[in-house]
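Colleague: Same order as they appear, the protein sequences are chains C and G.
The opening residue of the first sequence carries number 1 in full-length UniProt numbering; numbering runs sequentially from there.
The opening residue of the second sequence carries number 1 in full-length UniProt numbering; numbering runs sequentially from there.
Treat the hints as calculated values from the structure; they're not laboratory data.
Watch out, some of these pointers could steer you wrong.
Unchecked claim - Example chain C residues on the side facing chain G (calculated, C-beta under 10 Å, incomplete):
(1) 62
(2) 71
(3) 88
(4) 104
(5) 111
(6) 112
(7) 121
(8) 140
(9) 180
(10) 182
(11) 226
(12) 243
(13) 252
Nothing here was measured: the structure is a model prediction, and the numbers come from that model.
The beta-carbon is built from N, C-alpha and C at its ideal position, and this holds for glycine as well.
Here is how the chains run, residue by residue.
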Amino acid sequence: MTGRVLRTVAALVVFAVSVFPVYWMVLTAFKPAKDIQAATPTFLPLSVTFEHFGTAVAARGFWSFWRNSLLVAGGAVLLSLVVALLAAFAVARLRWKGRRGFILMVFVAQMTPWEALLIPVYVIARDTGMLDTLWMLTLVYFMITLPFTIVTLRGFLAAIPVDLEEAALVDGCSRAQAFRRVVFPLLAPGLLATSLFGFITAWNEFAFANVLIIKDQDDRTLPVWLSSFSNTFGTDWGATMAASTLFMLPVLLVFLVLQGRVTTGITGGAVKG
Amino acid sequence: MTATLARPVDDRPRTTPPPRRRRSWWPYLLISPTLVATAYLLLYPLARNVVMSVQEFGLPQLVRGDARFTGLANYAKVLSDPEFWAVVRRTLLFTALNVVLIMLLSTLVALLLVRLGRWLRLLVMSGLVLVWATPVIAATTVFQWLFQSRLGVVNWVLVELGFESYRDYTWFADGPATFAILVVLIVWQSVPFAALSLYAAMVTVPSELYEAARMDGAGAWRVFTRITFPVLRAMFGLITCLEVIWVAKAFVQIWVISQGGPGQATTTLPVYAFQVAQSLQRYDLGAAVSMLMVVLLVLALLAYFRQLYRQEGVS
Chain C
1 MTGRVLRTVA
11 ALVVFAVSVF
21 PVYWMVLTAF
31 KPAKDIQAAT
41 PTFLPLSVTF
51 EHFGTAVAAR
61 GFWSFWRNSL
71 LVAGGAVLLS
81 LVVALLAAFA
91 VARLRWKGRR
101 GFILMVFVAQ
111 MTPWEALLIP
121 VYVIARDTGM
131 LDTLWMLTLV
141 YFMITLPFTI
151 VTLRGFLAAI
161 PVDLEEAALV
171 DGCSRAQAFR
181 RVVFPLLAPG
191 LLATSLFGFI
201 TAWNEFAFAN
211 VLIIKDQDDR
221 TLPVWLSSFS
231 NTFGTDWGAT
241 MAASTLFMLP
251 VLLVFLVLQG
261 RVTTGITGGA
271 VKG
Chain G
1 MTATLARPVD
11 DRPRTTPPPR
21 RRRSWWPYLL
31 ISPTLVATAY
41 LLLYPLARNV
51 VMSVQEFGLP
61 QLVRGDARFT
71 GLANYAKVLS
81 DPEFWAVVRR
91 TLLFTALNVV
101 LIMLLSTLVA
111 LLLVRLGRWL
121 RLLVMSGLVL
131 VWATPVIAAT
141 TVFQWLFQSR
151 LGVVNWVLVE
161 LGFESYRDYT
171 WFADGPATFA
181 ILVVLIVWQS
191 VPFAALSLYA
201 AMVTVPSELY
211 EAARMDGAGA
221 WRVFTRITFP
231 VLRAMFGLIT
241 CLEVIWVAKA
251 FVQIWVISQG
261 GPGQATTTLP
271 VYAFQVAQSL
281 QRYDLGAAVS
291 MLMVVLLVLA
301 LLAYFRQLYR
311 QEGVS
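Bound conformation, chain C alone (with noise of 0.2 Å):
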């Protein structure tokens, strides 16, 4: 009996130490500006103002660093997708000489401390012309976002049986028309929940954002504004709670949706294998 009480308050704790901050983040980015200054904090939502996120919507350049945000971790997620689903078909469903190789490669690409990479990179740019373009941006966190995209997507394509797609073959069916009819309805849940992993890798890219970008700041994107709102805003803690509140917003939708939509996809898979 007193085991259950304590792991029913160890649960609790957990809990409470996990959501505190960002509870605390939702909380400031709502709470009257008089009320985050008081000498006794409120722990709750007693009076409630959207003043913070006009603040922080009306910040200058707010809408195009959304906009750059979004073209650059969209165009990476497109770019690696397409190039990942080749790459994953062929590791997945073809047998060729240098296939284990390949398979070791992508994995040691996914080990890959990025960070090591940022002066490298940004001479690069710089040497090509690159620099303060989103471009260059874009194709970092295509290259950032591709290893693990193909060994996801591997996975999911493993898991679709070569049977169905044989059926096909035999029914008439070209290759392609074989992968477009039977593999790809059956991926889709994988593409989306890989997709969707990538964005939020692109979405949250900090050091390489912060580099790359430097003479035109309109460029920027939304996490580097983030980290230079506070000082931008010097004290104002609601408007820069209420930013990143903002600012994790699609983050915690996409992740939402993902968990519906992966476990549909494996339970999906193994009903169908």
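Fit chain G to the known structure of chain C by using the hints.
Modeller: Chain G alone, transformed into the frame defined by chain C:
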């Protein structure tokens, strides 16, 4: 943190053998975009880094592009600098402290999750997922706010608890305090992934093993050391490796919170490489430092893998 799908052990049924065995150039065509991208965006920068690290490459060379080769002079300079060794020691301490805390807490949370009822488990898991989904930049900004000197809630709580000296305490002006906050931040961010993966692995341990152990009267500690840990050793090893990599190369949190300061109190290797390159405009030295970091990381992981391999071989 890198959002990698938590699927280190591929236990899906293999649908091999792949159907086509005839020689064809198709596979090579399919992987060629990946190869081109990897060559240009990964191998080329890496090679550039190696080359730069054996050149004299400062701002003038960046502008004019007439870098001169200097052999291992940069490495000699870095390795003979006591500051570099201080940074290495700090990085090791930072990594060890974080990884030990992460593994300890994640194991405890995973063990707890296994024992919880459905609703409580769902509650704790959704809390963990929420943390996992919090972007690094947002989390870092929130921690600055939590530890803010005058309005921060941490100082308020400490004062309420009777620690009067924390009134208006400026955490970020003190080296060890900033270091501690960074550890708390990184542990907080890393536990969810590790705990959820360990929990997923623990669920797969056959319950007969536990029943047998309980019949023998084994306590919780013995059950863990005799069954859970040995069965899941590979999983524990893998997650530890991933965390070592992630913590050792952590850059964003440190850069945004303290830029390596105050003084040099939170300057770890990635931050140091960047400082040297960016503020001293010595790209050659920065490149040498980052090469040394990669070598250290590889060495640490190799040593670890070897040990793991030996243990597996003995048992």
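Colleague: Could you run down the list of hints and mark each one as holding or not?
Modeller: Evaluated hints:
1. Against a cut-off of 10 Å between C-beta atoms, the interface hint on residue 62 (chain C) is violated, since the closest Cβ of chain G lies about 15 Å away.
2. Interface restraint check: residue 71 (chain C) against chain G, minimum CB-CB distance 18 Å, threshold 10 Å, status violated.
3. Taking 10 Å as the C-beta contact cut-off toward chain G, the hint placing residue 88 (chain C) at the interface holds, the least distance being around 9 Å.
4. At a threshold of 10 Å, the smallest CB-CB gap from residue 104 (chain C) to chain G is about 12 Å, leaving the interface hint violated.
5. Annotation: residue 111 (chain C) was flagged as interfacial toward chain G, and the flag holds, the nearest CB pair being 6 Å apart, inside 10 Å.
6. Satisfaction of the interface hint for residue 112 (chain C) is found here, the shortest Cβ-Cβ separation to chain G being roughly 7 Å, below the 10 Å cut-off.
7. Nearest Cβ of chain G to the Cβ of residue 121 (chain C): about 5 Å, under the 10 Å cut. The hint holds.
8. The interface hint given for residue 140 (chain C) holds, since its Cβ lies 7 Å from the closest Cβ of chain G, which is under the 10 Å cut-off.
9. The interface hint given for residue 180 (chain C) is broken, as the beta carbon of that residue sits about 16 Å from the closest beta carbon of chain G, more than 10 Å.
10. Hint on residue 182 (chain C) is violated. Least Cβ distance to chain G is approximately 13 Å, over the 10 Å limit.
11. This hint holds: residue 226 (chain C) has a C-beta 5 Å from the nearest C-beta of chain G, less than the 10 Å allowed.
12. At about 8 Å, the closest approach between the beta carbon of residue 243 (chain C) and any beta carbon in chain G falls short of 10 Å, and the interface hint on this residue holds.
13. Against a cut-off of 10 Å between C-beta atoms, the interface hint on residue 252 (chain C) holds, since the closest Cβ of chain G lies about 5 Å away.
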